[in-house]
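> Each number in this note's numbering comes from the position in the sequence shown (counting from 1) with 198 added on.
Treat the hints loosely; a few may be bogus.
[Claimed, not checked] Computed cross-link-like contacts, DMTMM-like style, restricted to lysine to aspartate or glutamate with a CA-CA straight-line distance of at most 25 Å:
#1 236 / 258
#2 215 / 202
#3 248 / 202
#4 248 / 234
#5 227 / 258
#6 216 / 234
#7 215 / 253
#8 236 / 202
#9 267 / 218
#10 263 / 218
#11 227 / 206
#12 216 / 206
#13 216 / 253
#14 231 / 218
#15 209 / 253
#16 200 / 234
#17 263 / 253
#18 227 / 202
#19 209 / 258
#20 231 / 253
#21 267 / 202
#22 236 / 206
#23 215 / 258
#24 248 / 258
#25 236 / 253
#26 200 / 218
#27 263 / 234
#28 263 / 202
#29 236 / 218
#30 216 / 258
#31 267 / 253
#32 248 / 218
#33 200 / 253
#34 231 / 258
#35 216 / 202
#36 267 / 206
#37 200 / 258
#38 209 / 234
#39 215 / 234
#40 248 / 206
Since the hints were made in silico from the structure, they are not lab data.
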Amino acid sequence: MKVEIVGEFIKLGQLLKKLDLIPTGGMAKFFVKSHEIKINNIPSQARNAKIRPGDTVWIDTQVYKIVAKVGANSEKE
């Protein structure tokens, strides 16, 4: 699944919230400890890991390809 982001990067916790996997950013810490998460095939438990366009994120068995939102270069999400 492709996920569009605005800006240079999105933190893992923000991505989890954007995907509606957690209701609040505060839940990210617990989520990453109880799920298998890989960023570019490297296991990660850092909720503040920076994810950039071109990265691939695995959350359990779901795969997300991160892409830059077209026409949104300088905005932050």
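> Indicate, hint by hint, whether the structure satisfies it.
The hints, checked one at a time:
no.: 1; hint: 236 / 258; verdict: 8 Å, holds
no.: 2; hint: 215 / 202; verdict: 13 Å, holds
no.: 3; hint: 248 / 202; verdict: 15 Å, holds
no.: 4; hint: 248 / 234; verdict: 17 Å, holds
no.: 5; hint: 227 / 258; verdict: 16 Å, holds
no.: 6; hint: 216 / 234; verdict: 18 Å, holds
no.: 7; hint: 215 / 253; verdict: 17 Å, holds
no.: 8; hint: 236 / 202; verdict: 18 Å, holds
no.: 9; hint: 267 / 218; verdict: 19 Å, holds
no.: 10; hint: 263 / 218; verdict: 16 Å, holds
no.: 11; hint: 227 / 206; verdict: 23 Å, holds
no.: 12; hint: 216 / 206; verdict: 16 Å, holds
no.: 13; hint: 216 / 253; verdict: 16 Å, holds
no.: 14; hint: 231 / 218; verdict: 17 Å, holds
no.: 15; hint: 209 / 253; verdict: 12 Å, holds
no.: 16; hint: 200 / 234; verdict: 19 Å, holds
no.: 17; hint: 263 / 253; verdict: 6 Å, holds
no.: 18; hint: 227 / 202; verdict: 23 Å, holds
no.: 19; hint: 209 / 258; verdict: 18 Å, holds
no.: 20; hint: 231 / 253; verdict: 21 Å, holds
no.: 21; hint: 267 / 202; verdict: 5 Å, holds
no.: 22; hint: 236 / 206; verdict: 20 Å, holds
no.: 23; hint: 215 / 258; verdict: 16 Å, holds
no.: 24; hint: 248 / 258; verdict: 19 Å, holds
no.: 25; hint: 236 / 253; verdict: 10 Å, holds
no.: 26; hint: 200 / 218; verdict: 15 Å, holds
no.: 27; hint: 263 / 234; verdict: 16 Å, holds
no.: 28; hint: 263 / 202; verdict: 9 Å, holds
no.: 29; hint: 236 / 218; verdict: 18 Å, holds
no.: 30; hint: 216 / 258; verdict: 16 Å, holds
no.: 31; hint: 267 / 253; verdict: 14 Å, holds
no.: 32; hint: 248 / 218; verdict: 18 Å, holds
no.: 33; hint: 200 / 253; verdict: 11 Å, holds
no.: 34; hint: 231 / 258; verdict: 12 Å, holds
no.: 35; hint: 216 / 202; verdict: 10 Å, holds
no.: 36; hint: 267 / 206; verdict: 10 Å, holds
no.: 37; hint: 200 / 258; verdict: 16 Å, holds
no.: 38; hint: 209 / 234; verdict: 17 Å, holds
no.: 39; hint: 215 / 234; verdict: 16 Å, holds
no.: 40; hint: 248 / 206; verdict: 9 Å, holds
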